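Construct the complete structure from the given sequences, taking the supplied hints into account.
Heads up: the protein sequence lines correspond to chains D and Y, in order. According to our numbering, numbering within the first sequence proceeds without interruption in unit steps and concludes at 346. According to our numbering, numbering within the second sequence proceeds without interruption in unit steps and concludes at 346.
Since the hints were made in silico from the structure, they are not lab data. Just so it is clear, the structure is predicted and the values come from calculations on it, not from any experiment. Be careful, since some hints might not be right.
Any copy will do: because identical chains look the same in the list, a pair fits if it lies in one copy or spans two.
With a straight-line Cα cutoff of 30 Å, these simulated DSS-like cross-link-like pairs (lysine-lysine) come out [unchecked claim]:
id : residue 1 : residue 2
1  : 324       : 206
2  : 79        : 260
3  : 344       : 303
4  : 16        : 206
5  : 151       : 324
6  : 77        : 16
7  : 312       : 75
8  : 260       : 312
9  : 206       : 151
10 : 32        : 324
Number of protein chains: 2
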Amino acid sequence: MSQSSDQRLGRSSVKLGRDVYISSSASVVGKKEGEGPLGLLFDMVGEDDLFGCNTWEEAESNLQKDAVYLALGKAKLKPEDVSFIFAGDLLGQSIATSFGISSYNIPLLGVYGACSTCGESLALGAMSIAGGYADKVVCVTSSHFASAEKEFRFPLEYGNQRPLSATWTVTGSGAFVLSSENADNKARARITGVTVGKIVDYGLKDSMNMGACMAPAAASTLEQHFSDWSSQPEDYDKIITGDLGTVGQTVLIDLLREKGYDISAVHMDCGIEIFDAQSQDTHAGGSGCGCSAVTLSAYILKQLEEGHWKKVLFMPTGALLSKTSFNEGQSVPGIAHAVVLEKIG
Amino acid sequence: MSQSSDQRLGRSSVKLGRDVYISSSASVVGKKEGEGPLGLLFDMVGEDDLFGCNTWEEAESNLQKDAVYLALGKAKLKPEDVSFIFAGDLLGQSIATSFGISSYNIPLLGVYGACSTCGESLALGAMSIAGGYADKVVCVTSSHFASAEKEFRFPLEYGNQRPLSATWTVTGSGAFVLSSENADNKARARITGVTVGKIVDYGLKDSMNMGACMAPAAASTLEQHFSDWSSQPEDYDKIITGDLGTVGQTVLIDLLREKGYDISAVHMDCGIEIFDAQSQDTHAGGSGCGCSAVTLSAYILKQLEEGHWKKVLFMPTGALLSKTSFNEGQSVPGIAHAVVLEKIG
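Right, here's the structure in full:
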């Protein structure tokens with residue numbers, strides 16, 4: 002037990018009273034992601050996207066299992082050293098999580114924020130450590146191209162055409178060990194703050210243009226963050242969204258310009274980085290819970306470790322639709338949760 | 002900001018360093034629940050289960066919206082007074098939540114633990130207040146008989162037979178305002194501790210016998226709770242599970258007897274209380290995220306307020322299946338999260 006001096010900040014933010022360290026992390030991805038621009042940085046690349054399983058859902062569960070295994074190993078921890086695991090995915094009733102992590106026997110707090118789930122899990126994980134409730138927690142999220150297409154759009158066998166505004170769900174899982182201590186001075190980065198997002202619904206209904214659906218939520222969380230922290234875009238080396246893709250990026254930059262913030266010089270989107278849209282035919286970019294998670298583990302934390310960046314805002318974005326809500330003619334609301342990541346030292 | 006003296010306790014528990022108050026709560030239910038033994042205690046009973054909407058999913062969203070509205074009103078709060086809302090439901094991608102609470106514009110932390118979600122939301126909500134991250138949060142969960150049957154089993158139009166081990170998903174939503182203060186001395190109860198559950202999978206595959214699927218998880222969390230808190234069944238006036246029903250209750254009592262704990266004298270199950278199984282033809286009992294939530298709001302908190310009980314353990318139970326995992330032949334793992342509730346003063 003230790004005293005914390007955590008602070009509420011403005012409407013929606015928390016400034017952690019003590020640093021929370023990302024002790025280790027791991028990324029496991031599919032073949033296509035392995036062939037992309039970040040391919041060499043991932044810890045493990047599957048040879049085929051079934052990962053030796055019989056179903057896409059089992060394959061996605063295996064991604065989570067492997068990512069947690071690798072992250073724990075890198076931190077030299079056993080599952081019983083971990084107090085809680087914050088985990089989630091995109092599938093109905095989060096079954097990739099339920100069947101992926103159960104063998105670790107770690108007390109589970111299941112989270113859901115669509116593709117923003119990685120941000121939500123890191124936010125709650127960091128709060129639980131800074132609050133003195135845990136010394137170590139694991140945060141893990143995943144997505145899988147084939148299970149997601151089946152869950153949200155069409156089975157792959159149908160062979161539907163994809164408009165240019167569509168994104169390509171990343172097959173991958175990223176796991177993070179958060180700790181109250183910088184053990185052996187080997188932590189990758191620290192989490193210093195959190196901004197929790199609200200649901201924002203502009204009434205868009207196109208599940209093949211998720212970037213445009215989520216951009217207003219990203220703009221809302223970002224504007225709130227700047228206000229809560231009295232900060233400006235130039236205070237960050239990068240402001241990183243999860244999976245807006247090229248269409249959503251344009252909308253986000255425009256929306257924030259209307260609010261008086263120009264993020265064009267510092268904005269980066271994991272969905273744009275993870276694939277080479279031209280040669281990989283992924284259209285507007287990558288998406289999914291796994292997209293931001295594996296990019297954070299493989300690329301963003303590396304930049305912070307190597308000192309190329311000192312402080313970034315990591316803000317995964319989620320589209321809160323289901324097949325049922327879409328079929329019933331509902332809109333696609335968005336949400337975005339942000340965490341402040343800083344270089345150690 | 003205030004200093005907390007929260008403590009980790011044993012493997013999976015948190016003893017809150019300061020009391021967290023349930024300032025107010027509200028329950029909104031369907032017609033059948035209104036006709037049950039607790040019928041007169043609910044705040045609002047719908048005349049028909051569509052609640053004026055066009056779809057079952059919209060109806061469930063409306064349940065959440067109304068429950069939050071009533072709970073905020075009773076606490077004399079506006080949505081902008083609340084820091085975070087912890088919310089979830091049983092539908093794929095939690096759409097009852099996404100379309101139910103968005104108009105409140107409260108920063109959302111989406112949670113998923115199947116029918117244990119009410120327990121998870123109260124646990125995280127209480128931790129966020131005791132940790133100094135928020136003064137007030139709302140926790141809300143829901144379920145709806147028709148949307149759940151469609152989501153997990155068969156559309157109602159199919160008219161399938163239900164075995165006697167099946168439970169009847171409660172149409173209802175319970176909302177709770179948690180606060181760091183006992184405003185006007187009107188708080189209903191206080192939350193003093195939390196035990197977070199693990200996934201427990203005994204390999205059962207019968208989605209028409211969820212009580213048996215979840216009972217091992219309830220036994221696991223309860224055994225862990227007794228160990229973490231060095232407590233015994235007789236330390237509680239009631240130990241209350243969410244929706245084990247009559248079949249699951251028997252299994253739970255037996256499993257714990259094997260571990261040396263006899264809870265038969267103090268055990269109560271919300272699913273058994275909410276319906277009169279004989280006259281209402283609900284078979285093993287009620288179930289769903291809404292079952293434990295509305296029973297807590299309408300009945301359990303009333304018993305604590307009136308001093309009939311001083312201390313109870315409230316432990317909703319969840320079955321972590323989806324239609325897809327069931328159809329693919331997977332088992333039905335369970336999870337249970339517990340919160341300690343005590344009388345004020």
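Inset, instruction - Give the relationship of residue 151 and residue 324 under a CA distance limit of 30 Å: within one copy only, between copies only, both, or neither. - result: Close inside one copy (9 Å) and across copies (13 Å); limit 30 Å.
Inset, instruction - With 30 Å as the alpha-carbon cut-off, assign the pair residue 206 and residue 151 to within, between, both or neither. - result: both (19 Å within a copy, 23 Å between copies)
Inset, instruction - Please work out whether the CA atoms of residue 79 and residue 260 approach to 30 Å or closer within one copy, between two copies, in both situations, or in neither? - result: between (47 Å within a copy, 26 Å between copies)
Inset, instruction - Up to 30 Å between alpha-carbons, please classify residue 260 paired with residue 312: within, between, both or neither. - result: Within one copy only: 23 Å inside, 51 Å across.
Inset, instruction - Evaluate residue 77 and residue 16 at a C-alpha cut-off of 30 Å and name the case that applies: within, between, both or neither. - result: both (29 Å within a copy, 28 Å between copies)
Legend entry - Homo-oligomer pair classification [residue 303, residue 344; C-alpha up to 30 Å]: Classified as within; 10 Å inside a copy, 51 Å across copies.
Inset, instruction - Tell me, please, which holds for residue 324 and residue 206 at an alpha-carbon limit of 30 Å: within, between, both or neither? - result: both (12 Å within a copy, 25 Å between copies)
Legend entry - Copy assignment of residue 312 with residue 75, given that the CA separation must stay at most 30 Å: within (24 Å within a copy, 43 Å between copies)
Legend entry - Homomeric proximity label, residue 16 with residue 206: Cα distance no greater than 30 Å: Intra 35 Å, inter 45 Å, cutoff 30 Å: neither.
Legend entry - Status of residue 324 relative to residue 32 across identical chains (alpha carbons, at most 30 Å): both (27 Å within a copy, 28 Å between copies)
Violated hint: 4 only; the structure is consistent with all others.
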